[in-house]
Amino acid sequence: MQAARRPSVVDFALHEGVAVSVEAVTRAKVLDRLRLGDAAFRQLTRAAAIGVLLLLSGVIISLIDGALPALKTFGFGFLVSERWNPVTDNFGALPAIYGTILTSFIAMLIAVPVGLMIAFFLTELCPQWLRRPIGIAIELLAGIPSIIYGIWGLFVFAPFLQETLQPFLINTLGNVPLIAPLFAGPPYGIGILTSGLILAIMVLPFVTSISRDVFDAVPVVLKEAAYGLGCTTWEVVRHVVLPYARVGVIGGVMLALGRALGETMAVTFVIGNAHRISASVLAPGTTISATIANEFTEAVGDLYTSALIGLGLILFVITFIVLAAARYMLARIERRIG
Amino acid sequence: MATRYAGRRRANAVATALSLAATLFGLGWLVLILGALLWNGLGGLSLAVFTQMTPPPGSSGGLLNPIFGSLILTFLAVLIGTPIGVLAGTYMAEYGRYDRLSSVVRFINDILLSAPSIVVGLFIYEVMVAPMGHFSGLAGAVALAVIVIPVVVRTTEDMLTLVPNALREAATSIGLPRSMSITRICYRAASAGMVTGVLLAVARISGETAPLLFTSLNNQFWSTNLNAPISSLPVVIFQFALSPYKDWQSLAWTGALIITLAVLTLSITARALVASGKQS
Numbered sequence: 001m002q003a004a005r006r007p008s009v010v011d012f013a014l015h016e017g018v019a020v021s022v023e024a025v026t027r028a029k030v031l032d033r034l035r036l037g038d039a040a041f042r043q044l045t046r047a048a049a050i051g052v053l054l055l056l057s058g059v060i061i062s063l064i065d066g067a068l069p070a071l072k073t074f075g076f077g078f079l080v081s082e083r084w085n086p087v088t089d090n091f092g093a094l095p096a097i098y099g100t101i102l103t104s105f106i107a108m109l110i111a112v113p114v115g116l117m118i119a120f121f122l123t124e125l126c127p128q129w130l131r132r133p134i135g136i137a138i139e140l141l142a143g144i145p146s147i148i149y150g151i152w153g154l155f156v157f158a159p160f161l162q163e164t165l166q167p168f169l170i171n172t173l174g175n176v177p178l179i180a181p182l183f184a185g186p187p188y189g190i191g192i193l194t195s196g197l198i199l200a201i202m203v204l205p206f207v208t209s210i211s212r213d214v215f216d217a218v219p220v221v222l223k224e225a226a227y228g229l230g231c232t233t234w235e236v237v238r239h240v241v242l243p244y245a246r247v248g249v250i251g252g253v254m255l256a257l258g259r260a261l262g263e264t265m266a267v268t269f270v271i272g273n274a275h276r277i278s279a280s281v282l283a284p285g286t287t288i289s290a291t292i293a294n295e296f297t298e299a300v301g302d303l304y305t306s307a308l309i310g311l312g313l314i315l316f317v318i319t320f321i322v323l324a325a326a327r328y329m330l331a332r333i334e335r336r337i338g
Numbered sequence: 001m002a003t004r005y006a007g008r009r010r011a012n013a014v015a016t017a018l019s020l021a022a023t024l025f026g027l028g029w030l031v032l033i034l035g036a037l038l039w040n041g042l043g044g045l046s047l048a049v050f051t052q053m054t055p056p057p058g059s060s061g062g063l064l065n066p067i068f069g070s071l072i073l074t075f076l077a078v079l080i081g082t083p084i085g086v087l088a089g090t091y092m093a094e095y096g097r098y099d100r101l102s103s104v105v106r107f108i109n110d111i112l113l114s115a116p117s118i119v120v121g122l123f124i125y126e127v128m129v130a131p132m133g134h135f136s137g138l139a140g141a142v143a144l145a146v147i148v149i150p151v152v153v154r155t156t157e158d159m160l161t162l163v164p165n166a167l168r169e170a171a172t173s174i175g176l177p178r179s180m181s182i183t184r185i186c187y188r189a190a191s192a193g194m195v196t197g198v199l200l201a202v203a204r205i206s207g208e209t210a211p212l213l214f215t216s217l218n219n220q221f222w223s224t225n226l227n228a229p230i231s232s233l234p235v236v237i238f239q240f241a242l243s244p245y246k247d248w249q250s251l252a253w254t255g256a257l258i259i260t261l262a263v264l265t266l267s268i269t270a271r272a273l274v275a276s277g278k279q280s
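Keeping their order, the protein sequence lines are chains A and B.
The opening position of the first sequence corresponds to residue 1 in our numbering, with each subsequent residue numbered one higher.
The opening position of the second sequence corresponds to residue 1 in our numbering, with each subsequent residue numbered one higher.
To be clear, the hints were calculated from the coordinates, so they are not data collected in a lab.
Even for Gly, the Cβ is constructed at its ideal location relative to N, Cα and C.
Hints may contain errors.
Stated by the list, open to error - A partial selection of chain B residues facing chain A, derived with a Cβ cut-off under 10 Å:
| hint | residue |
| --- | --- |
| 1 | Val31 |
| 2 | Leu32 |
| 3 | Phe75 |
| 4 | Leu79 |
| 5 | Asp158 |
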């Protein structure tokens, strides 16, 4: 920057007309030189922002381009065919889509109630000094990489389930008339249920932290009014906080769902990689991301690779819709409280 | 009346107990996972892990080339992704805070932030690996950069928005051009937050396996050639853990412990940075 000497009154007085000083002339010259750099910086930032846009469109375009051979060969049948035969080049996405949706559904079934109850605990019941450590600990669960969950699931969790939970389910719920097929089959340890449980643990921090933020944003006046009427803590949460924060909680749940749908490494280790649809949740299956992770580097032939990229396209479309819906709902609650 | 109130109190007690159980449930998994990591990985942790190459099954060895490969890929990914992310975040927070382009980019950025990382791997495969004809470390670094960019954009935009307008107005009042008031004043004011964003991005890509599976592939030997497959710690863990060899599996646990410790350290450092920034 320029020297800090201020122009004195004498400088002004000695010129006719415009009060111009030496410093002002120098400054005008320097600013002229800077003008190009200034405009260039602005355009550079603009280009970077447009670059982010191009990144997403690039992803979509390249996925469609790569999947085109498979889509042309199989048409709509790709989405509903159960066959996955690399030898005869006959591919169908249904087992993968089924596995993805089922594992994510099981994960949400467990993670949403547990996450909401943890948020209830952290916002209403927990002593103040304990809130931050517990919140950080829950969020550390989100920071653990997916492959750690995979290796832990394969070596620790799956054998444990094989010895405890799965025989228990087979012996109890496996005998109940209507839902018996859901728990049929030997206890492999790995399978759709195990993947769903691990996904639940991975997704729990997302539900908890967003629910907690939304619960905290409820105006204290509403809660105090309810307490003043004599409501218990649970009644306040159930009848005041949750209805107010409903949209935000749903947005958080959908964000977590988007994460669960795309999860690769944790699921690849414990899903069992069987390209078939079974009624039992104890059976092995496959998900879209696990199929791609396992088979992409071994895919021989253009149609095989193209079918895998087609799976990736389907996954991207599903997660795009879920994440867009989540974003819309979270924007609605932000507008309400902000 | 009394029984009705007793019923409500009972419901409250049940809900309280359930919420406490849920919290212990959630924390319990963290303890179990970290415990299993320490139990299985700590025994294998020795100097050899950091000084020897990955062994063939049956011999002893270390994780030197995957650790080195991961460091190189992470460094390159941050080198490529951070400038783009910072510049895009600067546009969204400074020049175009309320315009249409920024709101669209914000939406797109949130989608990219939570997009499945395997799709990013497929994208880079289509764009870099297939045309080039071979796997390369550079493609792996670019795939990781695509994951870094949304994180950096988000934190840069949030941190720059937090900078009070008074600073910008003061800078303009003494005659600074807009670009200078951003780079010399706003960046410095938001520096703690922006560094936090980079640390969070590094923590995120340290454990990413899926995008590397078919971009940088894997390499059994020491390699510094970015135009060829390069090994990385997550992919080596993937390969070793799914193998039937005990020594490979124990190396996988040790590698998993190293990654987890690195990620947790980065996360806690980032959190401490934000906390100290808020206090000052």
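task: So, leucine 32(B) near chain A? Judge it on the closest CB pair being under 10 Å.
output: 8 Å, holds
message: Quick check on aspartate 158(B) please, does its C-beta sit within 10 Å of some C-beta on chain A?
response: 13 Å, violated
message: Does the closest beta carbon of chain A sit nearer than 10 Å to the beta carbon of valine 31(B)?
response: Given a least distance of 9 Å, the restraint on valine 31(B) holds.
field: Interface hint status, phenylalanine 75(B) versus chain A (Cβ within 10 Å)
entry: Where the cut-off is 10 Å and the nearest Cβ of chain A is about 18 Å from phenylalanine 75(B), the hint is violated.
- prompt: Once the shortest beta carbon distance from leucine 79(B) to chain A is found, is it less than 10 Å?
  reply: 15 Å, violated
Checked against the numbered hints given earlier, this structure breaks hints 3, 4 and 5; the rest are met.
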